[in-house]
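Residue numbers (our numbering), protein chains in the order written: chain Y, 215 to 363; chain U, 8 to 330.
Simulated from the structure, these hints should not be mistaken for laboratory data.
From a predicted model like this one, the values you see are computed outputs, not experimental measurements.
By construction, the Cβ of each residue, glycine as well, lies at the ideal position given by its N, Cα and C atoms.
Where hints are given, some of them may not hold.
A short, non-exhaustive set of chain U residues, derived as facing chain Y with CB atoms under 10 Å [to be verified]:
| no. | residue |
| --- | --- |
| 1 | V33 |
| 2 | T36 |
| 3 | R107 |
| 4 | N160 |
| 5 | G162 |
| 6 | S163 |
| 7 | N244 |
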Amino acid sequence: MTLYISDLNLKKKHIEKTGFTYLLISLFCVLFGAVYEYYSHEVYSGYMIYAFVFPLAGGVLPFTVMSFYGCRRIPGRLTLNLYNAGIATLTVGSIMKGVMEIYGTTNDILQIYWIVGFGFVGIGLLLYAIRLLTDRKSAPPKDLKTGPS
Amino acid sequence: MGFFRKKYAWAFFYTILLTSFTLYAVLDTFVITRVYALAESDESDSNVSSSAEESDTQNDSDTAKKSSEQDSNSQFTEAEVVTESTYSDQNISITITEYREYDTSIYVADVYVSSVEYLQTAFAQSSYGRNITESTSAIAETYNAILAINGDNYGSQRKGYVLKNGELYQETSSTDQEDLVIWEDGSFEIITEGEVTARELLENGALQVLSFGPALVMNGSVSVSESEEVGKAKASNPRTAIAVVDDLHYLFVVSDGRTDESEGLTLYQLAGFMQSLGADTAYNLDGGGSSTMYFNGQVINNPTSNGNTIKERSVSDIVYIGS
């Protein structure tokens, strides 16, 4: 199918909206970490302080780049769903690890956050990479094609 | 596969899943109780694994007992004598002194015992397991302890040796973890879990292993740096520590902290203080809101988690003096 300019603008708007949502999540994480650390009697955890890095580096940054540079190969819904779930899992996992470090305890169950989080992010990136490669092979460079994934 | 492509259905489903899992992780870490073993409440039932070792243990204990009786006989009294800050009987002598250092109240129990059998540990609810906690004073009362401090709070860690009163409960090691071993002759030694197994310690005559740390004083010298801290703690806090001065002569130390009256101590300050009291080997135990000293039926320090409310925190275990 041919992607019209209006469709592309719509996609761009969606990407901008996603990036903005990630920015709000990052700010929330910064605020949450600051408040939590304030009441933790100067017991610090990097996982709590830097939990915002996941939505910032994994969300704000890539989606802002996509938006600015007018990326024509927009990730599909499946890719976005898995990728977003991965970033959310990593962010929550980081905060949970921070909570436990500050309390002074551990739990192996937290490893599930890292496995699932990086797994989803990895699958999302893989699907996007496959799509980019597929599009490059099957379409002329100037044709604004998009796939269903 | 179509479900994964739906925007809101997937977001809703995954939010529920992630929230549920997080809730379970919180409950599993802090709430859900699992009892793995019941502790022996009578110390005479405690046993070291092999009968051969048991025999050696008895001989060594007798030797230590006799040696102590000769060295520190003057500390004991024929009859039980109890005052607000002292306790003594035929086998135990305790003197409580409150110091004021670094804008902090520090409570020191100077302890002499005729045998290491009077230096014991106890689990909350007399049970070994996860999320089994009780206040230090409640555990102390259960065991008729004369003096008690909070222990290593083993329940908050998934790794680390748990060896109490000659019974091995957990031998999962944490490679760089520094432990305090209390041997059957009453001496203290700092070991690293990566270098010796819990079973070897038991076979060699360890009565107690306390797994928190770090070591504060070793061979009479301060062994922590000015910047060293427990885990992620970077500041002054309430502290609990235990030390040996010489044969069957111990120090139990608890400091206040997090309050307007008491700032708390850094590990370096605590180590220096214990060295000044003559500690040969000193070891840091669980601190912060856990730090509690109980003597003759009363909590004598000001335990607090948030600095506003003076209240004991529930802990997994205690170290105590009792017969």
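The hints, checked one at a time:
1. V33: holds (8 Å)
2. T36: holds (5 Å)
3. R107: Since chain Y brings no Cβ nearer than about 21 Å to U/R107, farther than 10 Å, the hint is violated.
4. N160: Status holds, d = 8 Å.
5. G162: At about 8 Å, which falls below the 10 Å cut-off, the nearest Cβ of chain Y leaves the hint on U/G162 intact, so it holds.
6. S163: This interface hint holds because 4 Å falls under the 10 Å limit.
7. N244: Interface hint status for U/N244: holds (7 Å vs cutoff 10 Å).
The earlier numbered hint that this structure contradicts is number 3, and it is the only one.
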